[in-house]
Amino acid sequence: MDYLPIFLDLRGRKGLVVGGGDTAARKASLMLNAGAWVHAVSPTPLSNAFKELAVSDRLIHIETGFQDAHLDGMDVVFAASEDDALNKAVHDAARARHIPVNVVDKPDVCSFIMPSIIDRSPVMVAVSSGGEAPVLSRLLRARLETLIPAGYGRLAAIAGRFKKSVRGKFGTTEQRRKFWEKAFLSPIAEMVFAGREQEAEASLQTMLDAAGTAPDTGEVYLVGAGPGNPDLLTFRALRLMQQADVVV
1 MDYLPIFLDL
11 RGRKGLVVGG
21 GDTAARKASL
31 MLNAGAWVHA
41 VSPTPLSNAF
51 KELAVSDRLI
61 HIETGFQDAH
71 LDGMDVVFAA
81 SEDDALNKAV
91 HDAARARHIP
101 VNVVDKPDVC
111 SFIMPSIIDR
121 SPVMVAVSSG
131 GEAPVLSRLL
141 RARLETLIPA
151 GYGRLAAIAG
161 RFKKSVRGKF
171 GTTEQRRKFW
181 EKAFLSPIAE
191 MVFAGREQEA
201 EASLQTMLDA
211 AGTAPDTGEV
221 YLVGAGPGNP
231 DLLTFRALRL
241 MQQADVVV
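The opening position of the sequence shown corresponds to residue 1 in this note's numbering, with each subsequent residue numbered one higher.
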């Protein structure tokens, strides 16, 4: 493993992006979405992509050339200008201060690299080739995008609201794990994917109340296989088959 996958908590923290083009705007957008305050250093006007982010009061444009003092108080840095010499200067200055720094498209001089991201907040999936094949990472992300419905984020949010109750109900980690596995593999997940979130929450509460007292009840799903070509299965049919104990 060439890199340690980690997730940074940037809520309320500060990030610096050097550059005013579309690439820099994408990095600024990621930090803003993660809750950071972003300083964008560029002596020239920001690109249109940047201007779309200007509605955020957490984005500050510093309309000067880069100076070491711009690193004061920063928690993460992106060197995203079109000037290689400037990017190297930003990198060297950040490294000297032990601030994590990413130089766009230069993984060999980064202290961290950015993966391809599938955002199903609060569920996040990151795919990386370690900088060796970024196009492959994007293709893998595109494939995974089709297999991970947006509903997984809503499902995770519901689970978060029940987390305290589940912890109070079950005394051990193993008991909690088994409960959540059963819940996520039950029709509750399909209810969320279908937009029936209130029904899903009610069912989850019922499952929690009955835990340890009611016998397990199975579910049977009928999946249309069409002419028999597996490539013609719907994504929902594939999910149901993957979670089934028996397929006939």
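Hints in this document: simulated from the structure, not taken from any laboratory.
The reader is advised that the hints may include incorrect statements.
SDA-like cross-link-like pairs, simulated, lysine to any residue; straight-line CA separation at most 20 Å [said to hold, decoys possible]: (1) Lys106 x Pro122; (2) Lys169 x Glu219; (3) Lys178 x Arg138; (4) Lys14 x Ala85.
Pairwise CB distance ranges (calculated) [as the list claims (entries may be wrong)]: (5) Tyr221 x Arg95: 31 to 41 Å; (6) Ala133 x Arg97: 24 to 34 Å; (7) Glu145 x Val223: 20 to 30 Å; (8) Pro122 x Arg196: 28 to 38 Å; (9) Gly195 x Ala69: 44 to 54 Å; (10) Ala126 x Arg236: 49 to 59 Å; (11) Leu147 x Val246: 15 to 25 Å.
These numbers were taken from a predicted model, which means no experiment stands behind them.
Here a beta-carbon is modelled for each residue, glycine too, at the ideal position from N, C-alpha and C.
Status of the hints after comparison with the structure:
Distance restraint check for Lys106 and Pro122: the Cα-Cα separation of roughly 29 Å exceeds the 20 Å cut-off, and the hinted pair is therefore not satisfied. Distance restraint check for Lys169 and Glu219: the Cα-Cα separation of roughly 25 Å exceeds the 20 Å cut-off, and the hinted pair is therefore not satisfied. For the given pair, Lys178 sits about 34 Å from Arg138 by alpha-carbon distance, which is inconsistent with the 20 Å threshold. Distance hint between Lys14 and Ala85 is unfulfilled; the C-alpha atoms sit about 24 Å from each other, more than 20 Å.
For Tyr221 and Arg95, the Cβ-Cβ distance of about 54 Å falls outside the hinted range of 31 to 41 Å, so the restraint is violated. Between Ala133 and Arg97 the beta carbon distance is about 31 Å. The supplied range of 24 to 34 Å therefore holds. The hinted window of 20 to 30 Å between Glu145 and Val223 holds, with their beta carbons roughly 22 Å apart. Evaluation of the 28 to 38 Å hint for Pro122 and Arg196 yields a failure: the beta carbon distance comes to about 20 Å.
About 50 Å separates the C-beta atoms of Gly195 and Ala69, a value consistent with the hinted range of 44 to 54 Å. The given range of 49 to 59 Å is broken by Ala126 and Arg236, whose C-beta atoms sit roughly 25 Å from each other. Roughly 22 Å separates the CB atoms of Leu147 and Val246, a value that falls within the hinted 15 to 25 Å.
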